[in-house]
Amino acid sequence: MSDPLFNDPLAHFRLERHGPVIELVLARPARHNALDADLMQGLLDCLDELTHGQPLADRPHVLLLRAEGPHFCAGADLEWMRKMAGEAFDPRAFDKNREDARVLAHLMQALDELPFPTVALVQGAAYGGALGLVCACDIVLASENARFCLSEVTLGLVPAVISPYVVRTMGMRQARRYMLSAEPFDAITACRLNVVHRLSQPDQLLAEGRAMALRLCRNGPQAMKETKRLLAALEGRPGHQHEEQTVETIARVRVGLEAQEGIQAFFDKRPPTWRPRFKDEA
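Mapping the sequence shown onto this note's numbering, position 180 (from 1) lands on 180, and the numbers just tick up by one.
Take the hints with a grain of salt, since some may be wrong.
[To be verified] Between beta-carbon pairs, the in silico distance windows are:
1) N194 x E99: 29 to 35 Å
2) K269 x R173: 44 to 50 Å
3) E68 x H197: 20 to 26 Å
4) E235 x R198: 30 to 36 Å
In case anyone wonders, no lab produced these hints; they're calculated from the structure.
Glycine included, each C-beta is placed from N, C-alpha and C at the ideal position.
Construct the complete structure from the given sequences, taking the supplied hints into account.
Printed below as a string of structure tokens:
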């Protein structure tokens, strides 16, 4: 039996306790679990509470990150992003976007540095910032129907804040390809790129994810915490090292003319003005 720890429909996520396992469930399926300011801040506050706000004996041994609906997460909510962009080169819009980007940066860092293992379960689409969340988790299981994309440049944006985690996961060479081309890739390719550890049948994903979480619960919680700390020391802490550059980059790009044109073109269902037309296009 699950114990619902937090279930506010307005928060677009919920927490469930299954013994020593906490399930953090993205619950905005009508918007494909897209990320906006409220959801990101809520997730950040939630992770902080799980890490620091509970008695040691009550803290989870494992966090299972999953999502309701057919898709894990479509990335940033473009309706929200269009509002955030404001007027081109407006310094007030830049400041707002910088602070917003910093929330995402801190969310990525918090997920990456949780003192207990994290398991992500991915079905359907994991685009943009969602792929960053996946890369910040320790273990990733995906449905065979999962698909991934770093789609930001198609909108005149940059996958800035998530880039340290994506590069760490798939390597610089592959990151160059997928960040610049914005080509989607399937679950098998995600395994080859080290984004996903194991594939599951769609109807078996949750059961296999919970089985993995229980396997982790057999291990000493302090030993796993120290192992994560050791691994972080060996590789460095990418979110901290590059936070200022990534935050400044996405804030600057979001309020630029190209991003505003790209986002507006998406809603207008037309190609952005920078995209060339080829003879074989209608």
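| Hint check, failures only | Numbers 2, 4 - these are the hints that the structure violates, sorted from lowest upward.
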